[in-house]
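Trainee: Numbered per UniProt numbering, the sequence shown spans residues 1 to 956.
There could be a bad hint or two in this list.
[Unchecked claim] Derived DSSO-like pairs: lysine-lysine, alpha-carbon spacing no greater than 27 Å straight-line:
(1) K32 <-> K403
(2) K32 <-> K414
(3) K136 <-> K240
(4) K763 <-> K414
(5) K170 <-> K32
(6) K302 <-> K136
(7) K403 <-> K414
(8) K302 <-> K112
(9) K112 <-> K57
The hints are simulated quantities; they were obtained by calculation from the structure and are not laboratory data.
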Amino acid sequence: MKDKSRDLPSCYDCAADPGGRLEQMFVEIVQKRRIALGQSPALRPVFRKLHGVVGAKFVVRPGLPPGLAVGVFAGTSYDAWVRFSSDTAPTSADLTSTLGVGIKLFGVPGPKLLGDGDTHDFLLQNHDVFFVDTAKDMCEFTYAGVVAGDYQPYLDAHPVTARILNEMAKVEGSVLTTPYWSVLPFRLGGDYVKYFLRPTVPAANVPDDATDYLATDLRTRLRDGAYTFEFCVLPRTDPKNMPLDAATVAWNSEPIVVATLEIPKQDVDAAGQSSYGENLAFNIWHALAEHEPVGSIAEVRKRVYAASATTRHTANGIADEEPRAPRPFPPAAPAPADSCIVAAVIHPSIGVARVGNSPDKWFIGPEVPDPPAPAPGSRRDDQGRLARQAARFRVYGVDATGKIVRELTDARVKWTVHLANKKAAWYQFQLALDVPEVASAPPTLLRNAAVADRTKLVIDPGPRSISGANRPGVQFDTGAFMGTHVYLGELRTDDAGRLLVLGGRGHSASFDGSRAVTFANNDGWHDDTADGPVTAEVVLDGRALAVKPAWVIVAPPDYAPMRKSVRTMWDLMRDVAIQGGLLGRPARPSFNGDIRPIFERLSGLQWVNAGFAAAFGYKGQFDLTEPATLRRLAVADPAQREQRRVLANQFRVLDRDGWAAQQWPWLYGDAMNIPPAETPRQNAVLTDTQLAMLQQWAAGDFDEDYDTAPPPARIEDVPVAQQGAMLDRAALDHCLADAFHPGCEMTWPVRHVQMYMAPFRFKHATQAVEPSYGAALIGDTLTLPDGPIAGQFPGGITRWMAVPWQTDTASCRSGYIKSYDPYLPTFWPARVPNQVLTRENYDIVVDPQRPLAERLTAFAHRASWTRTFDAASYTETINNFVAHIDWPGVVEPRPGPTDGAPFPAVLEVEELPQPLVAAPQGLPAGTVATPAETEALEKELLAIEKVHRFPTGLHR
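Work out the full structure: start from the sequences and follow the hints.
Mentor: Below you can see the structure in the form of structure tokens.
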């Protein structure tokens, strides 16, 4: 085949001016054209794909003989920055690309052959020869591809070049375990050498199909430990067979170690590190005269590399000069803690209290994300009534940067809380107003529209204040609904003066005696949930401090206190903060903090839903929390990548498989409907941040920080600087962010960044009176700067929820379409269980005298959690629950069998109130529906408003 490279015009002479022609092709034609087409930042023309930039130390071997102790090697050690890259496009796969390494030494005195400064460069690649011999050959090869547009004729005519290029397409497992060669010779005093960089760790060159696996591997390896290369010279021992201007010929002399390149443990993703390395220019001529490059290819590299660096730096607005000093490495240590307190902040930023119908018994809500299990029976009083959950608030002193210095238990603190309930005066819940399906739902009209005096519908006792230690209750008892006073809770303080907020006692009623008839919008009704701002006046050492405020939510009870949903409220608010620019997204997920919890939450739902028990429970199809499985999933081993990818792809993505009920998690979404509507929001999804982290984990780009040590059991076990963030997460991790239909504690407005003054911290309204939004709430209202999802007034969070909350909780079921699955999908099993392990079956499971088959059957059986208040009709059912919120069980941990039988070490068991436990067959007469009544109720549930939002279908 004809060699097009030999058809060069006489004016395009690669023999006379190879440097000029190569500069034209690499810089003018390739690099500048890419810049003109919008490449930003401008990149190098070759070795464009960056794998990582690392700080290092170049340590000269002591005691070198005089012939080697020349130039750089006459010194002792140098700071260095090293750039690892591939000669391919940034978006191309790493596999079989040619690797390169650029090393820039700092603190090398003396004039340089090119440029100035106290730096010295080395450039090497992961093959021992180059693919052409001379500059003329390089010019002709480049012409074939860049100008003529076809390399193949040249390669057909030059089999040595073709062979070497094929050999250069090798598999490398890591840039830290592959050897590198300089390819070209250099002077070393009066002799000639080539450079050779030899890793001290054996390579494991397994093919890897991940596009950017080399960058991932580099980050992972250096996060865990240090790596070292031996820097060697290959002396020219046979001049006849080691030519100076034939780069395709290898020098096979014995390597002599002259230095080591020590790369310490580090975070390759440290802020600015990659950008710093990309702005460095490497040129083999930026070197001491004792290391002068040799050969025609070296000569043209001087010109081409310098021109391309100038072009790149100019386009990027970077000074075209050598750096005078290296970027500090290792990075400067964090500034020492500042003990100067300039302000105060309240944590948790959003506290969560919960109602209960016990008049006296209460407990403090979670203050760490994974608190110890409550003692069995401890969530009820001696009459079986539900204890209330208190939200405890602390005030911390912070320095000028906002970092916590200490908790201010020695300050004078006056706490003020303003609880209000505005549900009855607010708008109906029909559907989340921020999803497109809302256009097909009924309009969002005012609740109790016939009541002209709207103030009668608002339960607002006004603010209450408290200060000092061990103060008794200051009650919110002067607010009224339609003229009847309603108790919304009270304030207390603990022995250190911290604030305790307790909510209502689970009492809901209608002012006219009417029965509840629907899941969310029962006119004439009120309940005693509430919310509002938490502020404080703080005086420390005689000086008043500015205080960042908080908020408190009074929510329904938690009937499964150890369970979390797969997407918690903390996950959602974290995603909102990241997407809204209030919070930076981590460079990579933590297995222990970001990935492992997702699997553990799926598994944990086994105690509250029979479908999750079968799939994710103990010895289930997807028992992802079995220790051996967790250990396997916790390592970034490429051999496990496909397993990780398969698992990550099981999670639903709205625009990919949002319609599919089979994708994880098996939870209903914001626009669920029975029968399913034509919407991807029929089912729930994780946050964008969670999904992105799962994909990073699948690719092996994550922190391998699996830790079997127990998490902190008390907030006091957490370093004080981290206590604020821990309190914020603990409160919100135990709230749900599944279907906002409307939800359990909060609903859809919380996914809008304009609600927040800071991550996880609601913005407080500054105007005195909230404007009226008319008879119907429409989407345009939401964009107003003083609209309902901007700064919040007391009662502004819970008003979006169902009234009363009991009717919604009693309506939240699982497996509405029995022909698909009697248990799946489900609404909120982590707060409102579906199917539970009863105390009677638990007693069988732990009894070693029972036959194993009987014990296994008892363990597998899950009873309906709603059986204690279900009736033959939906109306009777929801009103039963309004009157008896303590009838259903609380799911609590109990020890598993101790005889070695195949059961979990801990089982979570339904704990019923004692009067029910003592009744015949464990339940009082009249509270368990007969099979016929249950069938009738299930049919009626298919038509209730909650699950039949689009009776005429979706509007198109």
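Trainee: Next step is simple, just say for each hint if it's right about the structure.
Mentor: Cross-check of the supplied hints:
1. A threshold of 27 Å between alpha carbons decides the hint, and for K32 with K403 the separation of about 47 Å lies outside it, so the pair is violated.
2. Taken as a hint, the K32 and K414 pair is broken in the structure, with Cα atoms around 66 Å apart against an allowance of 27 Å.
3. Restraint check for K136 and K240: satisfied, since their Cα atoms lie roughly 22 Å apart, inside the 27 Å limit.
4. With a C-alpha separation of about 21 Å, the suggested pairing of K763 with K414 holds against the 27 Å cut-off.
5. For a cut-off of 27 Å, the pair hint linking K170 to K32 is broken: about 30 Å separates their Cα positions.
6. About 15 Å separates the Cα atoms of K302 and K136, which keeps this hinted pair within 27 Å; it holds.
7. Among the hinted pairs, K403 with K414 is consistent with the structure: their alpha-carbon atoms are about 22 Å apart, no more than 27 Å.
8. In summary, the hint linking K302 to K112 is supported, as the alpha carbons are separated by about 12 Å, within the 27 Å threshold.
9. Using a Cα cut-off of 27 Å, the hinted pair K112 and K57 holds, with the two alpha carbons roughly 21 Å apart.
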